[in-house]
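Student: Assemble chain B onto chain P, guided by the hints.
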Amino acid sequence: MYKLLLCWRYLLTRYLALVCIVSVMLGVATLIVVNSVMAGFSTKLRERLHGLLSDIVIEAHDFQGFANPEGKMALIQSDPFLSQHIEAMTPTLEIFGMIQFACNGTALARPVHIIGIDPAGRARVGGFAEHLLLHKGKPSFELSPEALERQHVLHPPHRLDRIAAMLLPPPTDGKPAPAPPPLDVSPPSTIIIGYAIAHFRAKLNPDGPPEEVRTLAPGDDVIITTIKGHGLRNQELSPVQWRCAVCDYFKSEMSEYDANYVFVPLSELQRLRAMPDRATSIQIRIKDYRDLHAVKDRLQTLLPAHWELTVHTWEDKQGPLLAAISIEKGILNVLLFMIIAVAGFGILAIFSMIVVEKTRDIGILKALGASNRGVLNIFLSYGLLLGAVGALLGSAIGTAITIYINEIEQFLTKWTGHELFDRSVYYFNEIPTDLNIWSVLVINVGAVAIAVLFSVLPALRAALLHPVRALRYE
Amino acid sequence: MLENLPLLAAVNLHKTYRKHAIEVPVLTGVDLEVFAGEFLSIVGSSGSGKSTLLHLLGTLDKPDAGRILFNTERIDNLPAEQRDRLRNETFGFIFQFYHLLPELTTLENVLMPKMIALSVRGWLRQRRTLKQHATELLDRVGLGHRLHHKPRELSGGEMQRAAIARALINRPRILLADEPTGNLDADKGLEIIRLLRDLNRQEQLTIIMVTHNMEIVGNTDRVVRLIKGRVEDATKSPSLLQPTMTG
Numbered sequence: 008m009y010k011l012l013l014c015w016r017y018l019l020t021r022y023l024a025l026v027c028i029v030s031v032m033l034g035v036a037t038l039i040v041v042n043s044v045m046a047g048f049s050t051k052l053r054e055r056l057h058g059l060l061s062d063i064v065i066e067a068h069d070f071q072g073f074a075n076p077e078g079k080m081a082l083i084q085s086d087p088f089l090s091q092h093i094e095a096m097t098p099t100l101e102i103f104g105m106i107q108f109a110c111n112g113t114a115l116a117r118p119v120h121i122i123g124i125d126p127a128g129r130a131r132v133g134g135f136a137e138h139l140l141l142h143k144g145k146p147s148f149e150l151s152p153e154a155l156e157r158q159h160v161l162h163p164p165h166r167l168d169r170i171a172a173m174l175l176p177p178p179t180d181g182k183p184a185p186a187p188p189p190l191d192v193s194p195p196s197t198i199i200i201g202y203a204i205a206h207f208r209a210k211l212n213p214d215g216p217p218e219e220v221r222t223l224a225p226g227d228d229v230i231i232t233t234i235k236g237h238g239l240r241n242q243e244l245s246p247v248q249w250r251c252a253v254c255d256y257f258k259s260e261m262s263e264y265d266a267n268y269v270f271v272p273l274s275e276l277q278r279l280r281a282m283p284d285r286a287t288s289i290q291i292r293i294k295d296y297r298d299l300h301a302v303k304d305r306l307q308t309l310l311p312a313h314w315e316l317t318v319h320t321w322e323d324k325q326g327p328l329l330a331a332i333s334i335e336k337g338i339l340n341v342l343l344f345m346i347i348a349v350a351g352f353g354i355l356a357i358f359s360m361i362v363v364e365k366t367r368d369i370g371i372l373k374a375l376g377a378s379n380r381g382v383l384n385i386f387l388s389y390g391l392l393l394g395a396v397g398a399l400l401g402s403a404i405g406t407a408i409t410i411y412i413n414e415i416e417q418f419l420t421k422w423t424g425h426e427l428f429d430r431s432v433y434y435f436n437e438i439p440t441d442l443n444i445w446s447v448l449v450i451n452v453g454a455v456a457i458a459v460l461f462s463v464l465p466a467l468r469a470a471l472l473h474p475v476r477a478l479r480y481e
Numbered sequence: 007m008l009e010n011l012p013l014l015a016a017v018n019l020h021k022t023y024r025k026h027a028i029e030v031p032v033l034t035g036v037d038l039e040v041f042a043g044e045f046l047s048i049v050g051s052s053g054s055g056k057s058t059l060l061h062l063l064g065t066l067d068k069p070d071a072g073r074i075l076f077n078t079e080r081i082d083n084l085p086a087e088q089r090d091r092l093r094n095e096t097f098g099f100i101f102q103f104y105h106l107l108p109e110l111t112t113l114e115n116v117l118m119p120k121m122i123a124l125s126v127r128g129w130l131r132q133r134r135t136l137k138q139h140a141t142e143l144l145d146r147v148g149l150g151h152r153l154h155h156k157p158r159e160l161s162g163g164e165m166q167r168a169a170i171a172r173a174l175i176n177r178p179r180i181l182l183a184d185e186p187t188g189n190l191d192a193d194k195g196l197e198i199i200r201l202l203r204d205l206n207r208q209e210q211l212t213i214i215m216v217t218h219n220m221e222i223v224g225n226t227d228r229v230v231r232l233i234k235g236r237v238e239d240a241t242k243s244p245s246l247l248q249p250t251m252t253g
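So the sequence lines, in the order shown, correspond to chains P and B. Per our numbering, residue 8 is the first one in the first sequence, and the count goes up by one each step. Per our numbering, residue 7 is the first one in the second sequence, and the count goes up by one each step.
These are calculated hints, taken from the structure and not from any lab test. Every value quoted in this text rests on a predicted model; they were computed, and no experiment measured them. Here a beta-carbon is modelled for each residue, glycine too, at the ideal position from N, C-alpha and C. The reader is advised that the hints may include incorrect statements.
[Stated by the list, open to error] Partial pick of chain B residues on the chain P-facing surface, computed with a CB cut under 7 Å:
#	residue
1	Leu38
2	Phe41
3	Leu66
4	Asp67
5	Asp90
6	Arg93
7	Asn94
8	His105
9	Glu109
10	Thr111
11	Leu113
12	Met118
13	Pro119
14	Met121
15	Leu124
16	Leu153
[What the hints assert, rightly or not] Residues of chain B placed beyond 12 Å of chain P at every Cβ, according to the derived structure:
#	residue
17	Asn10
18	Pro12
19	His26
20	His61
21	Leu62
22	Ala71
23	Glu95
24	Thr96
25	Leu117
26	Gly148
27	Leu201
28	Gln208
29	Lys234
This is chain P alone, in the form it adopts within the complex (with noise of 0.2 Å):
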């Protein structure tokens, strides 16, 4: 009994515990905070990586992709596992290239990886139309009305054309006049492209935040550029070109992807890259997300091995970026729980200075019956006391912390002009945050035990002090 009251009477009485306390509350809120935000990094890009790519994909090795991919898709849809599990399939053709465009009168070009779809076929894989901006939803290659106007506004119709119109004289058979040539012109092809290939973030005014500027509006041209291969067995390779006009942008707040992914049609890749009826890639999408594993199994047996096809999950294709996050998250967690290690050394300064100054209270307390067992407790459990109060008031702090990040991270933007949470990194509205409660119990129980571990030495020193010196201590 004596020891929960005295304890409980240091804890009260003894200000510099307090600091014993703030050292391990600190840890344990910076631990909380940066696991959650974390956590919620992880999570919310495990989401989006999954979102944008389907769940297996079976890819060709060849660059010049595979033969007939409705024929290997109505293969594997004929095998009865399958076309249970599977619920959609598309072939996609993807290349890498180059796109060009102008932005305030600088030629701009950048690397980008192209991908030839069926808009339909790619939505119903999942990924794609729920990230485009003006189309959301109803994927589709058509030019806004606005993004045609802007079309005729680069590209008026010849004026010689429209003056021999003119010109002509006029109908003696009574027939009607020829109609003139339309006034709009058809652009030869459209492009869906990355968000963040036709915005930057840029600070305009000196004082204020970071804006967005656009560099490619809906309806502007952009000049592709990639390669198609000829000649015997297609191995020579020749460049080919053409203009396209942008009508929408693919968000999906990776900027992997949204700075480097442009989607054209399927069809219209295949014919300017000579390629007709090949694919590169077979995007497919399963019913229960459980059975990943099992219908990429299956999938292996079945294409015939000559095919030269592999068969990913999402996870392989992943797998380096989701095993670094796990890494990272891990090699910051040892490196936070240092924090709560360098308070465990202040608890042990702390302690051993306590125990300095009750020496002679632990010599009474000796005399009076105490058991070097008892002695030893008072200071352990004070230490226990020291790292739970420290660790409940951690975590009361670091959750609200993490509850009210993006207020605090807007306050700080506003107050300090600077902007915490460059958003053009990610493209993540919000910091994102996964507030795990294991974890955060995980947390708790390591500061508690790091804060006894740190005052065991100080409690022994204690526990073994002989009495009678103890009561003599001046």
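Tutor: This is chain B only, laid out in the frame that chain P set:
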């Protein structure tokens, strides 16, 4: 027959302290017998070893050689837990500097030996009775109005009274007092001695008091003088012919 045997006895006690490899012999063969109900004074000059003897008798320290017997049973070589229990139940200590715990109130200080003896559950079960007992003890020593004061709010005499109440809470057989008046003025010192004398007479409490103040030893049954680590002379108080007699 037991009445003729000493309650507490020291046989040929030796104790040497070491300071930086220099050996300082403090006790060099002390023999002492204390009988039940006796109020014994141990006097001696500074450094004569009287406090060391008291610590050895109260099992706070171990002798280098010799034996300490309580009710004819050796107690100096008992395991630590049993010696802890002896200090808690059989011996009551009072010190020159009172040694109250500054974080606790007077009542809590008095209850401390009980708290040490009891588990949390035992304490919770008995706390009302125990608090009442402690309050009565504090009333008895004249501190009934100071129950919830911290030691820093008490005078020296009051603190020593609180320490006496604390020493009595477990109804000890022997009270060991180390210079109980050493830090008090003459009047307050005399009050404390009177209180101890009353306890000795009314409760049959055996008291061993160490002091260098020759003025107060007149109130005790027997005086033992320590000189250079040995019992030099034992003088019986003229008022008492038999050591077991009580006033």
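Student: State the violated hints by number, sorted upward, taking the hints as numbered earlier in the document.
Tutor: 1, 2, 10, 11, 16, 20, 21, 23, 24, 25
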